[in-house]
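Okay, here's what each chain looks like letter by letter:
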Amino acid sequence: MNTVMTTLDGLPDGAVLAEALCESSGQVLLAAGSVLTGPVIASLRRRGVEQVKVNLPEPAADLVPPEDPQVRRERIERRLQHLFRLTLRSGQIHPLMHMLPAYRLGEHA
Amino acid sequence: MIPLSPEAVLASVRDLPPLPAVVMELIQSLGNEVVGADYLAQEIARDPALSAKVLRLANSSLYGMSRQVTSISDATAILGLRSLRSVATAAGLAGSFAPVHCTGFDFKAFWRHTIATALCARALAQALRANEETAFTLGLLHDIGRLALASNFPEATAGALQYQQAQDCHGLEAERATLGTDHCAVGGLIAEHWHFAPAIVAAIAGHHEPPMTGAADVVHVADNMAHALDLSLLEHELVPPLSMSAWMRLGLDEAQCRKIFQQVETEHEAVCAALFM
Numbered sequence: 009m010n011t012v013m014t015t016l017d018g019l020p021d022g023a024v025l026a027e028a029l030c031e032s033s034g035q036v037l038l039a040a041g042s043v044l045t046g047p048v049i050a051s052l053r054r055r056g057v058e059q060v061k062v063n064l065p066e067p068a069a070d071l072v073p074p075e076d077p078q079v080r081r082e083r084i085e086r087r088l089q090h091l092f093r094l095t096l097r098s099g100q101i102h103p104l105m106h107m108l109p110a111y112r113l114g115e116h117a
Numbered sequence: 006m007i008p009l010s011p012e013a014v015l016a017s018v019r020d021l022p023p024l025p026a027v028v029m030e031l032i033q034s035l036g037n038e039v040v041g042a043d044y045l046a047q048e049i050a051r052d053p054a055l056s057a058k059v060l061r062l063a064n065s066s067l068y069g070m071s072r073q074v075t076s077i078s079d080a081t082a083i084l085g086l087r088s089l090r091s092v093a094t095a096a097g098l099a100g101s102f103a104p105v106h107c108t109g110f111d112f113k114a115f116w117r118h119t120i121a122t123a124l125c126a127r128a129l130a131q132a133l134r135a136n137e138e139t140a141f142t143l144g145l146l147h148d149i150g151r152l153a154l155a156s157n158f159p160e161a162t163a164g165a166l167q168y169q170q171a172q173d174c175h176g177l178e179a180e181r182a183t184l185g186t187d188h189c190a191v192g193g194l195i196a197e198h199w200h201f202a203p204a205i206v207a208a209i210a211g212h213h214e215p216p217m218t219g220a221a222d223v224v225h226v227a228d229n230m231a232h233a234l235d236l237s238l239l240e241h242e243l244v245p246p247l248s249m250s251a252w253m254r255l256g257l258d259e260a261q262c263r264k265i266f267q268q269v270e271t272e273h274e275a276v277c278a279a280l281f282m
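Residue numbers (the working numbering), protein chains in the order written: chain A, 9 to 117; chain B, 6 to 282.
Simulated from the structure, these hints should not be mistaken for lab results.
Given the structure is predicted, the values throughout are model-derived calculations rather than measurements.
Ideal Cβ positions, reconstructed from N, Cα and C, are used throughout, including at glycine.
A few of these clues could be false.
If you want the ones that stay clear, here's a sample from chain A, every Cβ over 10 Å from chain B, calculated [unchecked claim]: (1) 14; (2) 24; (3) 27; (4) 40; (5) 43; (6) 47; (7) 50; (8) 77.
Pairwise CB distance ranges (calculated) [unchecked claim]: (9) 14/A x 50/B: 51 to 57 Å; (10) 217/B x 84/A: 33 to 39 Å; (11) 76/A x 261/B: 29 to 35 Å; (12) 10/A x 44/B: 53 to 59 Å; (13) 271/B x 41/A: 27 to 33 Å.
Pulled out of the complex, with its shape left as it was, chain B reads as follows:
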């Protein structure tokens, strides 16, 4: 198998379809709420597909609303700006990528894992009193490199997936052996290309081998939890190696983890149904 050239990878990153403008603004402004509620509601309402997903999510059991949310302005008032930002990001990302035709790549399982990681990350952030919206968004984006590789290099990626199955190894090892790169590095390139904050870029690029930053630790452990909770429904699901340094830095106890498991398992089906109905 011939590795992918860095030039080809970079070119493919530039050729990725853009995210909806409002979603780009939301991600780029993570941590500082410059995108106001009225503006956000107005931009979401202009995109019917995005609006539909936002309303389905707002009405899902994830938010436990006692009455039906029927308009984006209702969603803004009821959910609050922070939740609406997370919901819009999830809906925008879910709607931006068409199913990928790459042998061995399970598109549905990819999104089930992505949503599980986002929910684990949010629950972890809540337990650690960290920024839940940033954590949720990072969870949604962490494996964007996998999607890009499968979408732009379907044959090469199919080869990597075949290698992974034959060796029964971690996806990262298979990618490095066959492609000469991996989904973390590609994800980092994408995040840079989309002008995300350096901390976001580092967290995506380092989600399997986290450098010493808080955000990367949360995504790393969340990804591990998502695999361990077996929510992608893949027969050959595999929990990747865990960085004990990252685990120790987060300082979670068993009671906190159990609460996170329960919360995520409760929320997961409702969110998947709302985004991919």
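Looking at chain A on its own, in the form it has when it is part of the complex:
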């Protein structure tokens, strides 16, 4: 897990403390893993804390580019053809072979 030392100003609500915060006496103020909500940050400020080490957030899922729809369609159709290869070879009717593409692609009749 990557971490960063940062000031309390501008700390996003819900950031997670990477290391325990201790007073000069060694007493633990806040344990590692604590979530830094608004009230907690305000309390730390009152105690004179200026900087904290927090975990860096994982890249958001929506930053990963979505699969191209055409690529996704082709991937799904290829897999379904592989699954139903016996049916395709025999030329038989198979209702599921006709239902599953629409289901997998989120298309409804």
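Got chain A sorted already, so can you dock chain B onto it with the hints?
Okay, now just chain B, sitting in the frame of chain A:
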């Protein structure tokens, strides 16, 4: 490849390790609830391994409980007798068979498919207003013949699996070509040996070529659906031939099938995790 003799197959069926007594009673009493809740809870609680799996299943997202189920008597009260019977059967079967050492036989994929078929069967029964517990149990048992063949005749079964891969054919065809028997016939022998009801025996023996019985139709279509939903995670998964007669007898429409697909895909991982954690 030398086919297996009928005598050898029969002897191997007799040599199978017995299921937990409570699970045998549950399966033998399918359709008539002679096994009462208190007795069932008491018998499950006596078997720590069975209890652990039952509690994990009861606490899985399959049952959507708002609070933790911590005892078998809790599970009985919360799930109700019917669900508890299904859960105990699944847990008992899952715990009864050690991993099989047969080249080409994927034990984990076998159970993933078995659970998928059981869930499809239950969902089908629900849509058709048929007995869900019987359907679920049949789904769990339908491929027991495959497990028995791989367990008792590992080299011969490895040969059948090699044939199946080389020919890229259905498992049944490979078994008949190399073993002189198949997992449906062996499954039927096992079900008979364990004194299951004739309808159960027929459904297991006929799950690829269903005779005209309701239970066999449900298991046949459920097995097909499970393969088509690709839940075993096998690269060379293959959907077997479908009996259009069985399909027509069930009379499902596309909306019903879509609902079943969604339900099974939602439930499958949770059940696999609960039974095989």
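Right, here's what the structure says about each hint:
1. 14: 37 Å, holds
2. 24: 26 Å, holds
3. 27: 32 Å, holds
4. 40: The claim stands: residue 40/A keeps its Cβ more than 10 Å from every Cβ of chain B (closest is about 27 Å).
5. 43: 24 Å, holds
6. 47: 29 Å, holds
7. 50: 34 Å, holds
8. 77: Nearest chain B Cβ is 20 Å from residue 77/A, so the label holds.
9. 14/A x 50/B: 51 to 57 Å: 53 Å, holds
10. 217/B x 84/A: 33 to 39 Å: Taking Cβ atoms as reference, residue 217/B and residue 84/A lie about 35 Å apart, which means the hint holds.
11. 76/A x 261/B: 29 to 35 Å: Since residue 76/A and residue 261/B have Cβ atoms about 32 Å apart, the given range 29 to 35 Å holds.
12. 10/A x 44/B: 53 to 59 Å: The hint (53 to 59 Å, Cβ to Cβ) holds, given that residue 10/A and residue 44/B are roughly 56 Å apart.
13. 271/B x 41/A: 27 to 33 Å: 31 Å, holds
Violated hints: none; the structure is consistent with every hint.
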